[in-house]
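**Student:** So the chains spell out like this:
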Amino acid sequence: MPMKHFKEESIDKLTISQILYTKQYGLTVDRNLCKGCVVCKLVCPREAITLVSIPKGSSDRIPPPSVDIDENKCDFHAICAVTCPFGAIQVTVNNEAKLPTVEKDAYPTLIRDIQIDSERCQPDCKICEDKCPLNAISIHFETLTNEEKVARKEKNLPATSKKTVIDVNKKICAACRLCEAFCPEKVIKVTKFFDGSIKINQKLCPQGCHNCIDVCPVDALYLDNNRVHVNDMFCIYCGACSNVCPKPQALELSRTSIRHTPIKSGTWNKTLEKLTSTSGLNKELGAKRVDKIKTLVKSLNLPR
Amino acid sequence: MSKNKLPLDSPKIGVFVCQCGSNISSVIDVEDLTRFSKTLPNVAFAENMNYPCDRNGQQKIVEAIKRYRLNRVIVAGCSPRLYEPTFQSCISKADLNPWLFEMANIREAVSWCHKDTPLEAADKAKDILRMAVAKARLLEPLEPINLSINKNVMVIGGGIAGINTSLDLANMGYKVFVVEKTESIGGKMAQLDKTFPTLDCSICIEGPKMVDVGRHKNIEIISFADILKVDGNVGNFKVTIRRNPRYIIAKNCTGCGECRDACPIEYPNTWDMNMGVRKAISVPFDQAVPLVYTINKDHCIECYKCVDACGARNAIDFDQKSEEIEVKVGAIVVSIGYEMHDPVDMDEYGYGKYDNVVTAMELERLLLAAGPTGGKTVRASDGHKPHSIAFIQCVGSRDINKYEYCSGFCCMYTLKHAVMLKEKYKDDIVLHVFYTDMRSNFKGYEEFFNRAQKSGIKFIRVKLENRFITEDSTTKNLTVHAETEDGKPVQQEVEMVVLANAAVPTSKTAELAKMLNIPLSKGGFFAECQPKIRPMDTDVPGVFVAGACHGLIDIPYSVSQGSGAAAEAAAVLSKSSWTIEPIIAKVNEDLCSGCKVCTSVCGYNAINIEKIDDKEAARVTVGLCRGCGICGAACPTGAITMPNYTDKQMIAQVRAALGEKN
Chain R
1 MPMKHFKEES IDKLTISQIL YTKQYGLTVD RNLCKGCVVC KLVCPREAIT
51 LVSIPKGSSD RIPPPSVDID ENKCDFHAIC AVTCPFGAIQ VTVNNEAKLP
101 TVEKDAYPTL IRDIQIDSER CQPDCKICED KCPLNAISIH FETLTNEEKV
151 ARKEKNLPAT SKKTVIDVNK KICAACRLCE AFCPEKVIKV TKFFDGSIKI
201 NQKLCPQGCH NCIDVCPVDA LYLDNNRVHV NDMFCIYCGA CSNVCPKPQA
251 LELSRTSIRH TPIKSGTWNK TLEKLTSTSG LNKELGAKRV DKIKTLVKSL
301 NLPR
Chain V
1001 MSKNKLPLDS PKIGVFVCQC GSNISSVIDV EDLTRFSKTL PNVAFAENMN
1051 YPCDRNGQQK IVEAIKRYRL NRVIVAGCSP RLYEPTFQSC ISKADLNPWL
1101 FEMANIREAV SWCHKDTPLE AADKAKDILR MAVAKARLLE PLEPINLSIN
1151 KNVMVIGGGI AGINTSLDLA NMGYKVFVVE KTESIGGKMA QLDKTFPTLD
1201 CSICIEGPKM VDVGRHKNIE IISFADILKV DGNVGNFKVT IRRNPRYIIA
1251 KNCTGCGECR DACPIEYPNT WDMNMGVRKA ISVPFDQAVP LVYTINKDHC
1301 IECYKCVDAC GARNAIDFDQ KSEEIEVKVG AIVVSIGYEM HDPVDMDEYG
1351 YGKYDNVVTA MELERLLLAA GPTGGKTVRA SDGHKPHSIA FIQCVGSRDI
1401 NKYEYCSGFC CMYTLKHAVM LKEKYKDDIV LHVFYTDMRS NFKGYEEFFN
1451 RAQKSGIKFI RVKLENRFIT EDSTTKNLTV HAETEDGKPV QQEVEMVVLA
1501 NAAVPTSKTA ELAKMLNIPL SKGGFFAECQ PKIRPMDTDV PGVFVAGACH
1551 GLIDIPYSVS QGSGAAAEAA AVLSKSSWTI EPIIAKVNED LCSGCKVCTS
1601 VCGYNAINIE KIDDKEAARV TVGLCRGCGI CGAACPTGAI TMPNYTDKQM
1651 IAQVRAALGE KN
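Residue numbers (our numbering), protein chains in the order written: chain R, 1 to 304; chain V, 1001 to 1662.
Calculated from the structure, these hints are not laboratory results.
In this text the structure is predicted, and so the values were computed from the model without any measurement.
By construction, the Cβ of each residue, glycine as well, lies at the ideal position given by its N, Cα and C atoms.
List time: in silico DSBU-like cross-link candidates among lysine-lysine, alpha-carbon distance up to 30 Å: (1) V:K1297 <-> R:K270; (2) V:K1611 <-> V:K1596; (3) V:K1181 <-> R:K23; (4) V:K1175 <-> V:K1229; (5) V:K1321 <-> R:K41; (6) V:K1353 <-> R:K73; (7) V:K1648 <-> V:K1611; (8) V:K1209 <-> V:K1575; (9) V:K1596 <-> V:K1229; (10) V:K1181 <-> R:K4; (11) R:K73 <-> V:K1297; (12) V:K1648 <-> V:K1124; (13) V:K1175 <-> V:K1151; (14) R:K73 <-> V:K1188; (15) R:K7 <-> V:K1385; (16) R:K163 <-> R:K153; (17) R:K73 <-> V:K1476; (18) R:K13 <-> V:K1353; (19) V:K1297 <-> R:K7; (20) V:K1424 <-> R:K23; (21) V:K1297 <-> R:K283; (22) R:K4 <-> V:K1476; (23) R:K199 <-> R:K274; (24) V:K1297 <-> R:K274; (25) V:K1297 <-> R:K288; (26) V:K1376 <-> R:K98; (27) V:K1508 <-> R:K4; (28) V:K1385 <-> R:K4; (29) R:K264 <-> V:K1321; (30) R:K270 <-> V:K1321; (31) V:K1238 <-> V:K1522; (32) R:K7 <-> V:K1353.
A few chain V residues that don't get close to chain R, going by computed Cβ distances all over 12 Å: (33) T1086; (34) A1570; (35) S1574.
Isolated chain R (complex conformation):
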């Protein structure tokens, strides 16, 4: 059978597929969720992903680059889908959503850790929903039952008639901590899955350029006195900014660690090496080695 690879593109999505006689593979990039960062391109073992920069056009703001995938190269193992900070990629096998590498325990998932103590929310407050730059939070209110009212009383919580129900779409939440920062009651705690550092080298940063701010998906960059500054707390280290920075050394971004489910996989080691650095990989491997030695020593039952 000749290979059947297809690619379909629209403003909203990019779909590629491979149709075999007995199996159909598909991959969709949601263009609205994709922020033009560099993560998928870096992690793809098949080197099937490229970023295509889009010219500024008449608008003052530069658009982020768009993702292009070579349908002849893609093997649909969903490594990009799992690592995408914004959950913009979906892989299907026979029209069912699948993560083959995760299912076979060959790749971890990112830990998107958002703790919300919604019992302590201010009544009718929707600040987090409004502030979320990725529209990952949706809030609605429900009337409290009598039992719930009693329970609140026992916990010494202020009396109220409605409860706040917060639904966080963990697939697309990039853990930027904006909600945490703006929460008036401080009931939200977000732990980032990427950690790292970002620096603007003011000497090299061209004045008047705000490409990085234009593309930053989480408002981690701002203009002050016509100079670009970083709000380190919100940066998710996705790298969208460095893609559009005209002076590469003006913006220095590095990832140092990634929070993920436990894994033992060579592919993940490569991801670590590509996304963080060799030192990041060594750190994780070192920690794994220490764990290994600890269990070994324990199993030997050595006398203390």
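Since chain R is already given, all that's left is putting chain V on it; use the hints.
**Tutor:** Just chain V, lined up with the frame of chain R:
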């Protein structure tokens, strides 16, 4: 070789003119030619006879040599390719050196090609005879050359033909190296569901033979390997092979398949015609021999889940490198089989464009219980079983614009497919076979055709031209358009179409032919030395061909050719030495200037410049030189000569041809 006792310095030539029944005598007056030869210098005896090559004829030649003390013999008859060895051995019975013989070809070169102009033919026969006499006067006795024989043998290609060659030779006691390009031996037969006309399960009858090859103490399988270079000659070939890395340590792999279960990556399986998938670490099929897994690094993401699954068996080695090995053998049997033409370039059939058009091999994989659909014949467009199928024969074959030859086995496999489907689905399926000529010769085949006709399969005889297929874009059904012999158009709507696409030489055939120095025949398959009486010999002594690689044949004939080639190879291997004709290039080192012109023109790498006694001079590798004479012609100092084709002899022949007096 017994010593020639007759004086050689004064030539006494005997000429024997052959009538060859009426082959020669109907055009040429052989009596006249005999009389003419008696007038030529040094001819001491001449006579004509009906068949010098038969026993009586040979006896007469021996007697004439003895009686007239002849020391050169000429037979004017057919081509030396056919009978020179016969007459050489004949004159040696009269204690004459076999190379004191010359043949004048007056049959192929005269009587056959000039039968309408007998007068001119007679003149030409005389010219040829005069040339032969001129050369014969200068012939010198030569001694044959003996080469040693390595007792090992190589079989290139482990399909059903190669499997039989290997088993036969191994059972005779020879060490056999089977070189296989893919991961497993078995070839195309291992891909088939059933075989015609008996409907035997293909792998059930081939599998045991594959296993026998795998565990025979005299057979070493070198699989997943490529032939890089073939040096040497009959008795002493040196083959350079690259073993490609499987990233698996073969001796540690138990074939358990736990690594495959752990592997997260799938890619299209060419073994299943890319209809199904296989894992990045896998075997192409469960009965593979050797049962050693292979990692496809093009798709592997190196998660090392397989390493964990393999555990203490330690069979996985990601750092494995390709390895070049050299194997020395006395003979080589080539049985690399064929490939199927990909009909995507034949627009009229819509293959690759219409979902429900498949090739015969694809249908084979659909029928097979171990195939990608688990033996369910379904349409690609909707996954449903088709209720009607059309088979189109001769797709690419018997087409002068594509492949002129008949692919040989398609008629029979189509009958097989149709009978299998009809017997399985009975009235639930309608089958139409669009054929032009049903070729069902050989044992049991015509009977099978009858069985197919009786079972209710529809056979529609159509012209090879003007056939095409259209698709209904909503139902994805197909309409076959064709023309009957009397020009009436035929149209048939079906749910699925199966193409009997042409079988073609493999992508490696031409490359291997070059390495082995054997020519290709018109269709691109290997050329035999003589297609009728030496069907498994090639032009290169010690290299044999078997199976579909030199012409398309089906399984039973591949099996018998495999055994035939084994016998041919054994005839070489069993000899204590191999005798070759002493007509090979001879270098006069005193005249040689070491200019290397000869090395650049030699087509067989048979001549090299070496340091001989403080001087650079050409040296000929005996087994490689074919005696073509090109080096002798090119040598600017005249240092290279070919025995019995010396300048002196050739010039004497030219003078004779021009009618000059000697």
